[in-house]
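Listed in order, the protein sequences are those of chains R and C.
Mapping to this note's numbering: the first sequence position 31 is 31, numbers consecutive.
Positions in the second sequence are counted from 1; adding 120 to them yields this note's numbering.
In short, the hints are calculated from the structure, not lab data.
None of these values were measured; they are calculated from a predicted model.
Be a bit skeptical, because a hint or two may be false.
[Stated by the list, open to error] With the Cβ distance kept under 8 Å, some of the chain C side facing chain R (calculated, not the full set):
#1 Lys142
#2 Ser154
#3 Thr162
#4 Glu166
#5 Arg169
#6 Gly184
#7 Asn186
#8 Ile196
#9 Gly227
#10 Arg230
#11 Gln240
[As the list claims (entries may be wrong)] In silico lysine to aspartate or glutamate, EDC-like type, Cα no more than 20 Å apart, as pairs:
#12 R:Lys7 <-> R:Glu75
#13 C:Lys181 <-> C:Glu234
#14 C:Lys250 <-> C:Glu234
#15 C:Lys142 <-> R:Glu84
#16 C:Lys183 <-> C:Glu125
#17 R:Lys117 <-> R:Glu75
#18 C:Lys142 <-> R:Asp52
#19 C:Lys142 <-> R:Glu106
#20 R:Lys7 <-> R:Glu106
[To be verified] Negatives, chain C to chain R, calculated, CB over 10 Å:
#21 Arg124
#22 Ile126
#23 Ile136
#24 Thr158
#25 Ser165
#26 Ile185
#27 Ile207
#28 Leu211
#29 Glu234
#30 Glu236
#31 Gly242
#32 Lys250
#33 Trp252
Quick reminder that beta carbons are idealized off the backbone N, C-alpha and C, glycines included.
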Amino acid sequence: MEVPILKQGAFLIATFQAALSDADLNQLRMGLVQQVVKFRSRAVIVDVTAMDVMDSFASRTLREIAHMIRLRGAETVIVGIQPEVAFAMVQLGLTLEGVATALDLEEGLAYLNERFKITK
Amino acid sequence: MSVREIRVEINSDQDIVIARQKGRGMAGELGFSSGDATLIATAISELARNIVSYARTGQIKLKGINGSSGVGILVIASDDGPGIIDIRQALRDGFSTSGSLGLGLPGVRRLMDEFEITSQPGKGTMVTVKKWRQ
């Protein structure tokens, strides 16, 4: 299952589906970094609203994506972590330290618009 | 209540997704809340991941159970892999031999109500967990 990546101005938006396998996540990681390079994107929004399980591999992949994109000089915002998923992540001991998060896609876009207005 | 039993053969990362989806489905049928179903599905995902990472192949068995605490779900993850030499160490946060986060087993223990592990080096590992409906 491939994750669609949309280009929205200087930002990229990747929308996760529920049933992503490890292979899908690895593919997404590569795809996102390549697209950030190709489009000279300033930021990436990863929308995980549809993800019903965030296990250790998925959250590690998200951290790695954010780290790689930061090395490219761009920023990542994870949006849409569901309350139940957040609860399970905390129980499991998973963190997304150092990665920006926002309530949903709208908030994520608002955060990035604000941020890039200030630094311009 | 049905005493349905589901077995999922774990051979690849795709099977991790199948196992956790089946687990969520069964948790729903047993009347677990959506939040608890998420905890159960996450625990199954970690257990199936351990099988793929350490033993390559194994099996996840899911079963509805009745106990003194009411209705519950039983999850048994078993494999014929290399086994765990030091179980106490494997249950400590941050321990891993496969380069993963090492949160698997202690995390699963926190997600579920009951946790049991038996392992014999060279023979395999069996993790049995239960969660009771609130």
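Exercise. Starting from the hint list further up, note which numbers the structure goes against and sort them upward.
Key: Numbers 1, 6, 7, 8, 11, 19, 23, 24, 25 - these are the hints that the structure violates, sorted from lowest upward.
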